[in-house]
Amino acid sequence: MNAQLHLFDALAWRLTQGLPGLRMGAHAGRIRGAGESFADIAPLLAHPDPRRLDLRRSITDPLGVLHVRRFQTRTDLRLHVALDASASLGAVAHADRAGLARLLAAGFAQAARRARDPFSLTVCAGDRVLHDQPPTRRSLAADLLDLPLAPAGRGTAALEAMAHDLPQERILVVLISDFELSPDELAALLAALRPRPVLSVWLRDSGFDAPSPRLGLAELCDPETGRRRTVLTTPRWAARQAQLLRDRQAALRRILAEHGLSPIEITDSIDVAELAASLSEAPL
Amino acid sequence: MIGFAWPPALFALPLLLLPLVIRWLRASAVPRLDLRAVEGRAVGPLLVALAMLAPAALILGLAQPYLRGGSTAYRGIGTNLVLLIDRSSSMDDTFAGRSPQGGDESKAAAARRILLDFIARRPDDRIGIAAFSTAPMLVLPMTESRTAIAAAVAALAEPGLSQTDVGRGLTLAMGMAHEASASDSRAVVLVSDGAAVIAPEVQTALRNLAARRQVNIYWLYLRTKGAKGIFEVPEPGQADTPHLRPERHLHIFLQSLGLPYHAFEADSPGAVEDAVTEIGRMESRPILTRRPVPRRDLAWACHLLASLCCAALAAARWLERRYAPRRPAPLLVPA
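So the protein sequences, as listed, match chains A and B. When we follow this note's numbering, the leftmost residue of the first sequence carries the number 1, and every step to the right adds one. When we follow this note's numbering, the leftmost residue of the second sequence carries the number 1001, and every step to the right adds one.
It cannot be assumed that every hint is accurate.
Computed Cβ-Cβ distance ranges for the label pairs, DEER-style [stated by the list, open to error]:
hint: 1; chain 1: A; residue 1: Gly260; chain 2: B; residue 2: Leu1332; range: 26 to 36 Å
hint: 2; chain 1: A; residue 1: Arg254; chain 2: B; residue 2: Trp1318; range: 41 to 51 Å
hint: 3; chain 1: A; residue 1: Phe38; chain 2: B; residue 2: Arg1327; range: 52 to 62 Å
hint: 4; chain 1: B; residue 1: Trp1318; chain 2: A; residue 2: Arg138; range: 35 to 45 Å
hint: 5; chain 1: B; residue 1: Thr1072; chain 2: A; residue 2: Ser212; range: 51 to 61 Å
hint: 6; chain 1: B; residue 1: Pro1334; chain 2: A; residue 2: Ser280; range: 19 to 29 Å
hint: 7; chain 1: A; residue 1: Arg236; chain 2: B; residue 2: Pro1334; range: 49 to 59 Å
Keep in mind the hints are simulated off the structure, nothing from the lab. Note that the Cβ used here is the ideal one computed from N, Cα and C, for glycine as well.
Put together the whole structure using the sequences plus the hints.
See the structure below:
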């Protein structure tokens, strides 16, 4: 898997708004100054940088005011991966979602390193923080592949607490979760993350989307609560399960859309090319 | 009331709590059950109940439970009946006065056969049996047990003795009838083919008994061919003493007791049968009697229940499915 980390080099993210900040980076800054992208023209007296004097504008100015060209500065952006490792992530049918989450975290670390952005990570399991990596420019990708990830706990209390501690600017939060949440829980979490730009990555297991319609008895255990339920599985039951799940997923998508988010859905396996394409189109 | 033949098995009963800890089916992890469709909620408790019921029934079966026997009181139609049967040797002769030969039936055998039929037709009677010959014999105290009564009647097939002490036999039978019940009707059925002189002191005792409590007396006189009947009045000039006509004088004595008394004279098995039917008709009154309830073994029911529970649990295992098969895909889509 280590050898395939380079696939994630293709991931790139660009915010629609300029970022404040003086530290050099790869993202469009809000401060005007030296750079490659032309921004606007300003009076020389307000921005005394005669090296970028705009001769054409200065000559044609009817009042004879000298103007200089201003450029967009480049700045860096902290990429913060918030990983929801509640116990539901450990439920496996057609996808090892814990493994997917670990690989995604490592992939984003790899991409952040490539984009020269600082990378930080918080792994939350219910109301506990399993792992907290402060911002760093070191390459963590290989280490993260071996990150011990034991999904546990329930709810999003630790994620919401983490959101309150995050800076509000110059940060992109990548929320990796299976979104086994109720609409209210998701709305509360997204409200806590606002106004930061959030990239939501939805880890889905197609096995749970449509249970087997064969007649039988299935004992179900909720990994978060430990609650058990024995059900008689029938085609009608399976159809009802699938329908309810579709309804819940639609409700979650609606909540995300209300917060201006369009989740990147990863079902069973990661297709890096598709992920990169989705990332470039994500509304950030 | 339930009893157990091997109670130590009941110490294993706490084992039936195991299904509360160990589940019968393997669980598959499915996130957020609370957000999924709630259906078939009763299946789980039903399986747990079956898993608890199976060992419980098995352990109870090993303890061999049974319902204690006894008897229950109920109101039927019948009477307290004492059969007083003559066991004199003359009863072993036929109605013709000969020893039974070939297909002939003796008076005793005919009486036994007809009485057995009579007893079988009357399930509510409480019956006691006494016999008399040289001395009165208590054959069977008053009882509701039909098998005991039938066995006692059948036991009268032994050859009879010589004498006929009917007086003391009647004393014994009336005493038994008195002790049988305080409120219900009582009857003594005397079956004999002859009589004897009743001593004065026995007559006094019988009159005292008759004065104490009412007993219906029936005399089924099995008249041998050629013998004088009990209703025959001797012609004038003929001797009429108890020694010469004991049957007639016993009839007169019984009439004089002041009790309801009926005499039947039968000179053939058919006549005996008619007489017995008539006695049965007259002695059909409400009676508070007891019905025996035998001890009933319940282990088979426990084992059957345990088998059914085990079969249901086996069927549940056969029907066991995972919510979704566990086949995790590779993390990365193969290039």
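Verification of the hints:
1. Between A/Gly260 and B/Leu1332 the Cβ separation comes to about 30 Å, which falls inside the hinted range of 26 to 36 Å.
2. The given range of 41 to 51 Å is respected by A/Arg254 and B/Trp1318, whose C-beta atoms sit roughly 43 Å from each other.
3. Checked against the hint of 52 to 62 Å, the pair A/Phe38 and B/Arg1327 passes, with Cβ atoms roughly 55 Å apart.
4. Evaluation of the 35 to 45 Å hint for B/Trp1318 and A/Arg138 yields a failure: the beta carbon distance comes to about 56 Å.
5. The supplied range of 51 to 61 Å is met by B/Thr1072 and A/Ser212, whose beta-carbon atoms lie about 57 Å from each other.
6. Evaluation of the 19 to 29 Å hint for B/Pro1334 and A/Ser280 yields a pass: the beta carbon distance comes to about 23 Å.
7. The supplied range of 49 to 59 Å is broken by A/Arg236 and B/Pro1334, whose beta-carbon atoms lie about 37 Å from each other.
Violated hints, listed in ascending order, are 4, 7; each of the other numbered hints is respected by the structure.
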